[in-house]
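Asker: Keeping the supplied structure of chain A fixed, place chain B upon it in accordance with the hints.
So the protein lines, in turn, are chains A and B. For the first sequence, the numbering used here begins at 536 and goes up steadily by one. For the second sequence, the numbering used here begins at 36 and goes up steadily by one.
What the hints contain is simulated information worked out from the structure, not anything from laboratory work. Note that CB positions come from ideal geometry on N, CA and C, so glycine has one too.
Computed list of lysine-lysine pairs in DSSO-like fashion (alpha-carbon distance at most 27 Å, straight line):
| # | chain 1 | residue 1 | chain 2 | residue 2 |
| --- | --- | --- | --- | --- |
| 1 | A | K1070 | A | K1060 |
| 2 | A | K619 | B | K260 |
| 3 | A | K871 | B | K91 |
| 4 | A | K853 | B | K91 |
| 5 | A | K853 | B | K90 |
| 6 | B | K142 | A | K541 |
| 7 | A | K760 | B | K90 |
| 8 | B | K299 | A | K836 |
Label pairs and their computed distance ranges (CB to CB):
| # | chain 1 | residue 1 | chain 2 | residue 2 | range |
| --- | --- | --- | --- | --- | --- |
| 9 | B | M131 | A | E1053 | 58 to 64 Å |
| 10 | B | P315 | A | D757 | 53 to 59 Å |
| 11 | B | G160 | A | N762 | 56 to 62 Å |
| 12 | A | F974 | B | F153 | 53 to 59 Å |
| 13 | B | G160 | A | K1070 | 35 to 41 Å |
So, partial list: chain B residues that the calculated Cβ filter (under 7 Å) puts toward chain A:
| # | residue |
| --- | --- |
| 14 | R82 |
| 15 | Y165 |
| 16 | M166 |
| 17 | T169 |
| 18 | N257 |
| 19 | T274 |
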Amino acid sequence: MNTRSKATAVLLSSFILASALSACSSNNNNGESSSPSPSESSASPSASAPASESASASPSESPAGIDTSKHVTLQFYMLGGEPKDLSVIEKKINEMAEAELNATVKFNFTTWTNWDQKYKLLLSSGQDVDLIFTADWTQYQSYAKSGAFLPLEDLLPKAAPKLQEFVPQDMWDAVKIDGHIYTVPATYKEYVNNGFVYREDLRKKYNLPVPKDIASFEEYLDGIKKNEPGIQPLSMNADVKGNMMDVFREVNDDTVGGPLPYGIGIKYNSPNDVYSYWGSEEQINDLKVIQRWQEKGFFAKNVLNVQDTLQDPITTGKAAAILGDNPTRYNDTKMKMQSTHPDWELGYTPFAETRGFATPVHPIHNGFAVPKSSKNAERALAFYEKMVTDKRYNQLTQYGIEGTHYTVEDGYYKMVGDATSNGFPREGMQGWAWRNPEFMLFDKSYDGVKAIFDQLDKVAKPDLFTGFAEDYSSYQAERAALEQVEKQYFYPLYAGLVKNVEEGVQTAMDKAKKAGLEKVQEAYKTQWLAYTSEKGIQ
Amino acid sequence: MKIKDDKYTGLFKFIAYAVIILTSLACLFPFLLIISASFTDNASIIRDGYHFIPKKFSLEGYNLVLKAPDPVLKAYGVTMTTTVVGTILGLFFITMAGYVLQRKDFKYRNFFSFVIYFTTLFGGGLVPWYMLLTKYLDLVDTYTVLIFPGLMTPFLIILMKNFIRSAVPDEVSESAKIDGANDFKIYYRIVLQLSMPGIATVGLFLALAYWNDWFLSSLFINDPKLYQLQFYLYNIINTIAFITQMGAGSGVSLGGDIPTETTKMAMSLIVTGPILLLYPFVQRYFVKGLTIGAVKG
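So that you can see chain A by itself, here it is in the shape it has in the complex (with noise of 0.2 Å):
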């Protein structure tokens, strides 16, 4: 071999190592890469939402008031995974909907293995998919505004009359995205708002005060700390931005909803006046509170590490208290503590009694959409009406089998069995969208969230903040750019590592800045304005 062949061999088997090595990585950066798919491959399928709308305005014999003469089979999404017995119920669902609507459902789910990815792959790729889950925290209203889903007002009045009636008119409106409903909001109102968790029994021992707000929060944390050197008091972990600076925010703040990004203020109270938290007094102050808890040993120098639930180590009684989580998860809590520790108790301030207010769920935070590829569309919505307003599939498909899997004892839900022989547990279909206020049955355990939620209501105040559908396609690269700023740089302060906090944030700022925040920020603000506008919020 001369020496040119020879070069150019050693030339190609690099390029052949480095691609070996890149092929290993690439599945997940195609990932990323396709990302902005929905928006590309749905717009060619908009052709074909029409021309099935007026395919199906002929009315015909069948109960709904739909074309019921072709068998078909629907394609059901759901997130997470399934229930052991999911064919056993799947088969009793299929019996009724083969007589009533000439339908048979597969109940299909996605795991929480990637559950992102393939949420986008099922929406873009024009894959068979009849119904799907939507919420805020499922880009529900990006998708929407992309063309992913079908509008449902011209199918709901002929195919599922009943559901529409059903769901109060507000929920419809507040599912509106640009004018248009994408989805089946569901219609049981719970409170998510967060709260002060803390051990009451160690409380009452120390004669400490009952946490209401950061000031009396920090009291009865000095107060577990100089009592019992053995517990950390707060219960922190890695994301110290959902878990530390939203919460702190949304109790110290005013924050209009949550999370706001990009480092955005808006308070509650002054809905229509946007500004930057990030780099203000606000921030500095909210800051310097955190950096003292974490010096006065509040909770563990190595936070960001650790991957325990927030939960957990309140269970064990390794830590006294938790800055914010929600009644539903706080009851949960309290349950699984006093099975193993009965003479330990749980405390709960809601943040509204600081805050004077409390914000129930935003519809869209559970529903169900029909996906512009589904074929079958109008059975759908007539299925998915039957889900929701027919009590046998709704609580076969919450709850199993009566008696296989389930009690009613006095009107309560009893479990058959325990959690690991339990073929189909209490909403093991995670059905939270499909839920009927009418015929939900709760664990007795359940009592205490109901008690705080009648509480939330006496309070109750509508959400701003949900409904607003942010369009960022226009600077995709400064989001993703502030994201890693905001990981490398804010996270610290956040975790009170940083001790010079202004010089900190400083920082933090610079580099905000050079990756693009002002213009990130003004984008927002602009469409932010635009919502509240459209939406008549003063």
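Answerer: Below, chain B without anything else, positioned relative to chain A:
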């Protein structure tokens, strides 16, 4: 007979042993922690952390699996089937491809090599690949979708091509042709026997890729009976991670049983244990296969 540089050899031996022992211990310790954690009571892990000897002994991590072993056994079955079938089929196709591509009298070998190599640099992306496998080939919930994508990895094809080129001189295949052997006979009788080390290496790569795969399950399999082993384990861990990630604000509560730390550890052991136990027995075949071509006349 004593050799002069004895003390340096001794020193070298000492250093070498020390380094290797320390590195092996460093690799071993995390695994020992996992074993110990899987036998510890869950509350004690959260409260006291991980220890080499369980602070509070308990078998609760294994309970979940022992009470309902079906999912794990099925996952094992699926992964073993796909690994065995995938490796055999893959080796078959890859050796054929490698053999053809290295034959100097194959006129279009440059073109085909280029096309194969090109796909490693430029892919169609995740969505088109997903659409191909779900919409056009309709392979959702089948064994085929678990085996098919990994059969012809370009890297392994090129690796095989080079192995065969260096192991089988042109003269040998030419002489076989003169003796009247057709291409398949040359492939089967001569090339395969001579490139055993290559086959062993590529086979190992393939087997590992199939054994460790979870991505295909997550995208294309909806039926839990067809989950691969690694996906099943990853799922359990992700359920926990999801709950942690959802944070305080979303109010999402899960009805099902949420596995604890010890179950995570126990699952990891159950999944990796049999392979670890199997490897010492299989090891000598690999070593033998790899060295068999080293000493040649």
